[in-house]
Amino acid sequence: MKDLESNKERDAIQRRALLSRLIFLVPGVTYIVVLMLIPLGFIFVYTFLSRGTYGGIETVFTLSNYTRALDPLYLKVLLDSILIATITTLLAFAIGFPVAYAITKLPAHRQNLMLVLIVLPFWTNFLIRTYAWIVLLNTQGFLNQGLMKLGVLSQPISLLYKPSAVVLGLLYAYLPLMILPIYSALVRIDPAMREAAVDLGASPSEAFRQVTLPLAIPGVLIGGIFVFVPSLGNFIVPELLGGGKMIMVGNLIRDQFLKARDWPFGSVLALSMVLMLLLLFFIQARINKRILGVNHA
Amino acid sequence: MSSFLEISHASKQFGNVQALKDVSIDIKENEFFALLGPSGCGKTTLLRALAGLESLDSGVVTLSGSDLLSVPANKRPVNLMFQSYALFPHLNVFDNVAYGLRREKLGKEEVEQRTLEVLKTVGLSELKERRPSALSGGQKQRVALARAIVKRPKILLLDEPLSALDKRVRSEMQLELKRLQHEAGITFIIVTHDQEEAMSIADRIALMNQGEVVQIGTPIQMYTSPKTTFVADFIGTSNLISGVVDGDCLKAGDRSIKLPAHSLPNGSTAVFVVRPEDISLGSSGELVGTVISSNFYGGSSVVFIDCGLERLIKVAVSINEVPQVGTQCHLRWNIADTLVLLNA
Amino acid sequence: MHKIGWLRAPLYATLAFLYLPIAVLMFMSFNASDAPFTWTGFSTKWYSVLLHSPLVIEGFKNTLIVAVIATVMAVILGTLLAIGIARYQKSSILEAIALTPAIFPDLALAIGLLALFATFKLSLGLHSVILSHALFCSAFVTAIVRGRLAQIDSSLEEAAQDLGDSQVGIFFRITLPSLKPAIIAGALLSFTLSLDEFVIAFFTDGPSTPTLPIVIYSMVRFGVSPEINALATLVLLVSIVIVIIAQRNVKVQDSL
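Residue numbers (the numbering used here), protein chains in the order written: chain L, 361 to 657; chain B, 936 to 1279; chain Z, 174 to 429.
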């Protein structure tokens, strides 16, 4: 009798524990599955379907979307996009690393303030921030005005509507996303590491190169992904700052979905972007493993 | 004749806190020296100043006669073994140990040979390819030690090297450190807050408190001739009975205790010191009291006796002779084994 | 070595770079004439033009509705998920899934959602935007709350259990109160993100109910104009105030 009752009690406790687990996990996970994972599955399926007569999709299996994506015309757009995104990322690193390092050298209470200042522009409207550069870079805009006043230029130069303006716009948008992860990685390094290197005979620059820098690499890689991937898929900056001539992958995808309404082809382009993201994450994980010998989140 | 390492009038302030107050210590070559004291006493600050990781506000430090403070940290013939070990996670054991040698711009073969030799000495030859994250606490410690020793520094500084280890490993490592120091012929300076540890491995100890050196001596000297009540209290276990000097007696509460020969003025507050192992229980003695409890320590026991004084008196007794709780006992001792100190 | 020294230069230069465009916009929003690049005097007339523009008002109203509802959903979903991962199922796969909406390219999310709504023949409008925004906002809430949970001692809840409280009681009396600052910060951040979000809204919104960013987009495509400056300044100020308030609750450093 007693055994049966205590078993029932134990079952009840287990059931309650299971219930708690479900209450907390199910809503969030279900939401993500339904609104993100399933839609991405749809996109994947679309890549194999055909364009409907009036746009959208028609359930006719085809591989023509893939072959079309390999057309040199589209490949060029993809490569241009990768080039622009890469330049942006490298610039973001060149600027972002010294800035992140500088913040770690500030007194503790100032560091948070500085991080907020760096992040603040990022939380404001993206369109507006891009628009601001139109105002600045326009031939009659402030940058030209300023340079002419200073005597550097005698005639305004066209700064807008070229690839460099797009890089500038993307850099402006995503620079904070490079700074934060690098800061995070630098700050996690035990200061005793650097002291040990110096104690063992390293000069300050040797200690930086051989100890600080390698240990900061996980942060650099994350920052790189956070800048590269959004830069690749951005269509606003190329449109507003690059003029009609700059077409990047993002513009292509958007046009396919909203103008040409060729969803299957657009899906292939989008899929290639997602695959690139996954590839980069994989590479990042491998490099981390090589450097630190363990799996890093 | 000047000492090997001379620290003269070292002072250092951090904000409002005076970490080191006019500290002067002479350390001999090939000595195993301990800086002992409670946390905040300045021992770690002094150690880091010797390594060059901290600067001194004032004071002189000379090594074999030449000024040490003007030499930058990375060029001093002094190496530090960090409390957290600070092993480089992105390098394997071999590269960690070889790191310091490589900074010296030595030939590749010499670096390899010396590194392998040292790894053999600490018993880690098989683990040379491993990363620090795959090592146990004791193994990490030996890597940290090897990394510092391989450079053959004149002085090896050790910052609380054994505090992270569990008790059994700790006593093994104490022997290891003694052995290594002897073999390598390097001067070791160890920082610790554990007086038992300092007493068992050091040749000489400097006891520090609140930035000042209180007493320097061999373990035996510190134990048998403490200069202040702080030393008597910190080193070993003692009974400290405070009271007022009255001729050749100490008046403590309503008890009167005979003092050894002394030159303290009448009426001054003083502390009478007698060690638990110097007290024997019998039918007559200086004090009488009731047994409250006893602690078992393996070979011997410590009995706590209430003699009507401020604190219970501790008496060391062999396990066969532990009296029952509640018994009345007389405590006696040889007056030559006791001390009286001014209550400073 | 321990001081910032010459590194101050790149730091301040970068801050100047980040804030200069914003400063210019704010400055020009008070320009008296509609000449976009020359300062002719101080005036607040563009602000009143803005506040009387029906399109802007409509956009603002819609954006507010979306942001409020999406934030409420995001806070509930995100907080529950964060607690679930921290206390019940510590799985790195689950954590990765929970945070993916935040780092996934918004364009890919946008077209995925469009495909989802099309498949289920759901009409596009504010409701579809709300559902979409709740998705990626919840990921940010999860990240912030998760960060805070990692710092809180779980033995608090165990102590409450030992003292006889029920699971539900512990949740409301111990867990939630200790998470309050993180939840508030997450809510404020979600609100700001939704307020400014363009790409996903662009794809999932219906034509008759534009959100403010969509309104701004259509205005900007026509070129530079002083009303946009005024609108930009207002939107910027609102975002900045919200972020500052959120920052008071949770330090940026803690959620990194």
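If you are wondering where the hints come from, they were derived from the structure by calculation, not from laboratory data.
Hints are not guaranteed to be accurate.
[To be verified] Reference excerpt, derived from the structure (chain Z facing chain L, CB under 8 Å, subset only): (1) Pro194; (2) Ile195; (3) Phe215; (4) Ser216; (5) Lys263; (6) Ile266; (7) Pro274; (8) Ser328; (9) Leu336; (10) Gly337; (11) Phe371; (12) Val397; (13) Ile413; (14) Val414.
[Claimed, not checked] The following label-pair restraints were derived from C-beta to C-beta distances: (15) L:Pro564 <-> B:Leu1041: 48 to 58 Å; (16) B:Asp1138 <-> L:Ser563: 50 to 60 Å; (17) L:Phe642 <-> B:Lys1043: 29 to 39 Å; (18) B:Gly975 <-> Z:Gln324: 51 to 61 Å; (19) B:Val1006 <-> L:Phe641: 40 to 50 Å; (20) L:Thr419 <-> Z:Ser391: 47 to 57 Å; (21) Z:Leu193 <-> L:Ser514: 44 to 54 Å; (22) Z:Asp335 <-> B:Gln1259: 34 to 44 Å; (23) B:Ser943 <-> L:Phe641: 40 to 50 Å; (24) B:Pro1012 <-> Z:Asp335: 33 to 43 Å; (25) L:Ser563 <-> B:Gln948: 48 to 58 Å.
Even for Gly, the Cβ is constructed at its ideal location relative to N, Cα and C.
Each hint, compared with the structure:
1. Pro194: Cβ of Z:Pro194 sits 3 Å from chain L, so the hint holds.
2. Ile195: holds, 6 Å
3. Phe215: With Cβ-Cβ at 18 Å, over 8 Å, it is violated.
4. Ser216: Given a least distance of 18 Å, the restraint on Z:Ser216 is violated.
5. Lys263: violated, 12 Å
6. Ile266: violated, 11 Å
7. Pro274: holds, 6 Å
8. Ser328: violated, 18 Å
9. Leu336: violated, 18 Å
10. Gly337: violated, 15 Å
11. Phe371: Since the shortest Cβ distance to chain L is 6 Å, the answer is holds.
12. Val397: With a minimum Cβ separation of about 6 Å from chain L (threshold 8 Å), the hint on Z:Val397 holds.
13. Ile413: This interface hint holds because 6 Å falls under the 8 Å limit.
14. Val414: violated, 11 Å
15. L:Pro564 <-> B:Leu1041: 48 to 58 Å: Violated: the Cβ-Cβ distance is about 21 Å, outside 48 to 58 Å.
16. B:Asp1138 <-> L:Ser563: 50 to 60 Å: violated, 35 Å
17. L:Phe642 <-> B:Lys1043: 29 to 39 Å: For L:Phe642 and B:Lys1043 the Cβ distance comes to about 36 Å; the hint holds.
18. B:Gly975 <-> Z:Gln324: 51 to 61 Å: violated, 27 Å
19. B:Val1006 <-> L:Phe641: 40 to 50 Å: holds, 47 Å
20. L:Thr419 <-> Z:Ser391: 47 to 57 Å: violated, 35 Å
21. Z:Leu193 <-> L:Ser514: 44 to 54 Å: violated, 24 Å
22. Z:Asp335 <-> B:Gln1259: 34 to 44 Å: holds, 39 Å
23. B:Ser943 <-> L:Phe641: 40 to 50 Å: violated, 59 Å
24. B:Pro1012 <-> Z:Asp335: 33 to 43 Å: Cβ of B:Pro1012 to Cβ of Z:Asp335: about 56 Å, so the range 33 to 43 Å is violated.
25. L:Ser563 <-> B:Gln948: 48 to 58 Å: violated, 29 Å
When the structure is compared with the earlier hints, violations turn up for hints 3, 4, 5, 6, 8, 9, 10, 14, 15, 16, 18, 20, 21, 23, 24, 25 and for no others.
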